[in-house]
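Trainee: What follows is the residue order along each chain.
Protein chains: 2
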Amino acid sequence: MANPESVDILIIGAGPAGLALANWFRNSNIRVLLVDKKPGPTTRGQAEGLKSTTNEIFETFGIGAQITAESWRLEEIAIWGARKDGGAGIEREQVIQDKVEELGKIRETMLQQSRVEHHMLQNLLPHSNIQIQYDTVPASVKIDAALSNETDAYPVEVTLAGVASDEEDFYGNGTDAEERIRAKYIVGCDGARSWLRKQLNVTLEGDLTDSVFGVVDMVPKSNFPDIRKVCYLRADTGTILLVPRSNKEVRLYIPVESGSALPDPKDLTFARIMDAARRILSPYTLDAGSVAWWSAYRVGQRVGSHFSTHGERAFLVGDAVHTHSPKAGQGMNTSIQDAYNLGWKLRLILHKHIHSAGAAQTLLRTYESERRPVALDLIAFDRGYLKLFAAPSAQFDTEFLRAMKFTTGLSIRYPPSRAVHLHRGVTSPADLGPSLLKADLVPGKRLPEFQVVYQADGTTTRIHARLHATGAFRLLVFAGDIVGQTQLRDKLETLGARLAAPGPEGLGELTGTLSGGGPDTMRLETLLVHCAERDKIELLSLPDVFRPWSETEGYDYWRVFADADSAYEGHGHVYERLEIERETGCAVVVRPDGYVGAVLEVDDFEGVKGYFQGLGMFR
Amino acid sequence: MANPESVDILIIGAGPAGLALANWFRNSNIRVLLVDKKPGPTTRGQAEGLKSTTNEIFETFGIGAQITAESWRLEEIAIWGARKDGGAGIEREQVIQDKVEELGKIRETMLQQSRVEHHMLQNLLPHSNIQIQYDTVPASVKIDAALSNETDAYPVEVTLAGVASDEEDFYGNGTDAEERIRAKYIVGCDGARSWLRKQLNVTLEGDLTDSVFGVVDMVPKSNFPDIRKVCYLRADTGTILLVPRSNKEVRLYIPVESGSALPDPKDLTFARIMDAARRILSPYTLDAGSVAWWSAYRVGQRVGSHFSTHGERAFLVGDAVHTHSPKAGQGMNTSIQDAYNLGWKLRLILHKHIHSAGAAQTLLRTYESERRPVALDLIAFDRGYLKLFAAPSAQFDTEFLRAMKFTTGLSIRYPPSRAVHLHRGVTSPADLGPSLLKADLVPGKRLPEFQVVYQADGTTTRIHARLHATGAFRLLVFAGDIVGQTQLRDKLETLGARLAAPGPEGLGELTGTLSGGGPDTMRLETLLVHCAERDKIELLSLPDVFRPWSETEGYDYWRVFADADSAYEGHGHVYERLEIERETGCAVVVRPDGYVGAVLEVDDFEGVKGYFQGLGMFR
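As given, the protein sequences belong to chains A and B, one line each in that order.
For the record, in the first sequence the residue sitting at position 96 is 96 according to full-length UniProt numbering, with numbers rising by one throughout.
For the record, in the second sequence the residue sitting at position 350 is 350 according to full-length UniProt numbering, with numbers rising by one throughout.
Source of the hints: derived by calculation from the structure; they are not laboratory data.
One or more hints might be untrue.
Straight-line Cα separation of at most 30 Å, DSS-like style, residue types lysine-lysine; simulated pairs [unchecked claim]:
hint: 1; chain 1: A; residue 1: K248; chain 2: A; residue 2: K266
hint: 2; chain 1: A; residue 1: K536; chain 2: B; residue 2: K221
hint: 3; chain 1: B; residue 1: K536; chain 2: A; residue 2: K99
hint: 4; chain 1: A; residue 1: K536; chain 2: B; residue 2: K105
hint: 5; chain 1: A; residue 1: K105; chain 2: B; residue 2: K99
Fair warning: this is a prediction, and the values are worked out from it, not measured in the lab.
Chain A with its partners taken away, still in its complex shape (with noise of 0.2 Å):
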């Protein structure tokens, strides 16, 4: 393929967030062009624990079944220890659910990345805006950053090199010519070893660990009783952790050596792993069926400096950016979910919707801003985790649960700034209370998933399915109990008309024109949740902005949403469960990634207007 001679956006690296990032650009005509230096689309590759918050971005992007179908539970967690009694090896201490109340879903599921990758890619392919090109390297990158608050500049000039090969193309052409081409934006996917981050001069801070690991993916011949669980198994010598995968197979996390004198991970074995794998599960057997892939490893702990530099015209992503042990699971989670923080934001630009190059930039500072304190936090987290392994410990079920939660992303809440609104009359974050490790509507934190009922027609949806990656923000009125309380019914029609008018004194210029509006011109949608008895509500009698008309395609039926109880699925809680009161009720701003922009009483449509004005969507 020729190379467009510029683009919106290069990504380095078409990995998990690499194609995370592309996700963002579907259905628009923002040009992106990804370059990896493989020769195609993986095709194997190892078992990696998918976080809830990581499916419900897949959700969004329209591939959350097709993953969940593909994807191995894990809803069990073994304990095993030392003999209490003094004797040799280990016994059962203790079975728990491996569940976080909080959730309200499956906490983990395991699936190997390259059908992750697989999926995501799959995705892409009926957009001609976004190409793909392997076997091609970066070769230099120069990046103007006098141009960085011109809008429409391309000041990033990167030339791009064919892998060195002997073979000629399809055409009889070498492959390895050089070309040049220009972007507007540019975001290093390249992983630990990322070459952007070397060309920015982004250092990594931070340390490697003190212990060697092995980790092995194999079908296991043993007569260990829990092989079918997630298990820690904390023998004396160590502790493995055992996760089960699909194809029969499990994994092993082994620590084979530890100290100050440690061999390099390229000198271990198979067999010394499987060695120390024995001692620790002594009396128990293991043998390998079939081994499916194995290494060895030392943990680096390292944070990059910069997440963003150039005046935000280039950007590192997931594990360019940060590396941790891989126990956690955390590793492509934090990648996709980078990406995703990142992603909207350049679309939201690209698409013109913000009306100055400085209000641009203040959102792109953002990216930084939100996504190196997770980083830093979970570095943190990955050091006491693993000091979890290496001794017992008397805490160890109060310090295993936090780190259940810890890892389902409960305790993120991105600091304020233009796109994160704290509540009117709070003026620092410290006054929203601490709220870490809790499902609650904090402005910063992650909008908790819940399940509602569609008005329309009985069915049953969970919010963040229904928040697809189009780029539009939400407007999330939870209208209350409108049969009961007349005067919220009041309050509703008042806020739905405001929404709706055209002009300086509405904000139709961003719910777009009900009439022929669709959705390249919504940039907010209106989502109405009541807590009324759903049939004594008529969707039609709901005010005009929550069921728009369209003349090609009648009205929009899908936007009004009842806590209630339904055919299968149960009821939702979601007034309990968020804590908002069925008297009052709520407005919350949902950003484009499912995080909550501001949370503002049910009628307090300057407020939704203020958040639009300080980003520079609405003058």
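Put chain B on the given structure of chain A with help from the hints.
Mentor: Okay, now just chain B, sitting in the frame of chain A:
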């Protein structure tokens, strides 16, 4: 493609019935050829309701999750009738849940036929023993019934011709040369105008109904409030059935004319159908935003005189042998279920698991004895169902609920045969009671769906999703409370030992040798569902036959289930739903198609053995 000179099974027609039949021969060495006059796979098609039993079949083929993910859910039914105050127009009478408690799952989903075919076809592609030839029609068939007693004979000889075409194929050959092919069996899945049916001199018995209907798939522009629910709109001028679909579309079945002097459906225009719809919907508006498809038809209600001929060497499946109205959504479902009934019997015989030609023929005769009554029942039901549409009825609610249950297949009970043993001491099916619309555990009925928890890892499965279409029978041992009841534990040990034992005293020949026996050698898979406290049971302490060891894969961890609470899907209450005593238990022979072959005492090893001796699988 050059045709093979001979195949085991020749299937005429690669629609839903033919593809479902072919799916039975994955992972086998049975040579199957499908021919179809179409130039290739269907790329578009009408929406069709998928009944829960059909979705269960897809699960046993391993394609349930993909199909469910694409399907549209229907969960509410609105009944509208003429205004009670005597005014013009219709009013809402009630909204009911589209739910049949006995099923324990969604009664019906919608997915267009082309997508259903797509998934069944994709599922065949990895299996080179199954080939599909498009653009091909059979020109003649000869069946030598004298050979039908010789198991390995090829009594069927067919001439195949290319569909008349002026084009040449890739290699420059004309494509309409005739080819001769021999087959052991021929199956007509070639639809309502079946070519094979005519060749076999099978006649359709029955009539055309006295109504002409229009059917329209469109994006509606309407102020009718329940347009996203399934609706029965009963006006004085007739009843519309409205079914929501994906892509914002709905399907409408509209009565246009009835009586003795009917127009030819070909003469109906779209405008006339829409006029008829508007008359019924009045005072609500109806316009088409876009029309995906429309048609007009008159229903023929007919059943073939025979379902198999020529000593059970030729078979007719689906629409080829019964036709009825599409309104109850039974067409594609019944076709797939016919095929599902026939496929495993052919597989068993062609794999030489039946030891005599006579026993094989006896088994194949059950295709007609089991499926023809279903078709007759369906026609009888259809007549009543259409009447329900034709005129308002005082018993509408009761009749409607019966209809919902009927369409689930809950009333299907295959008659006693070598494959359906009545309980010991019971000589007539009448003695089993009516049980017609109930999900109970009765020989000849489908094993009711239920949810269990894997002993090994705490995850759940629905039983039919676990009973993959491998061709194996299952012995489902409901062992009861084997912790609380030591006598049950003793019975289980005895049964387990005999099931595993080699030679004429045991059933090891069918259950597979415990060491190294893979799925190919296993004709009877032994599964265990206990209702003891799950954490009081160690999987590896149960009899070997329920967790067999393989030298390559270690233990099989996926055969033992608890009737227990789960982390995310609640409790299946299997013993309660199926009315099995916890202190007694029972053993159930489940046929490869998920129907109950026999219900026995938990330690009735001779009953199990007798079942397989009767089928000719064990001497």
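Trainee: Starting from the hint list further up, note which numbers the structure goes against and sort them upward.
Mentor: When the structure is compared with the hints, none of them turns out to be violated.
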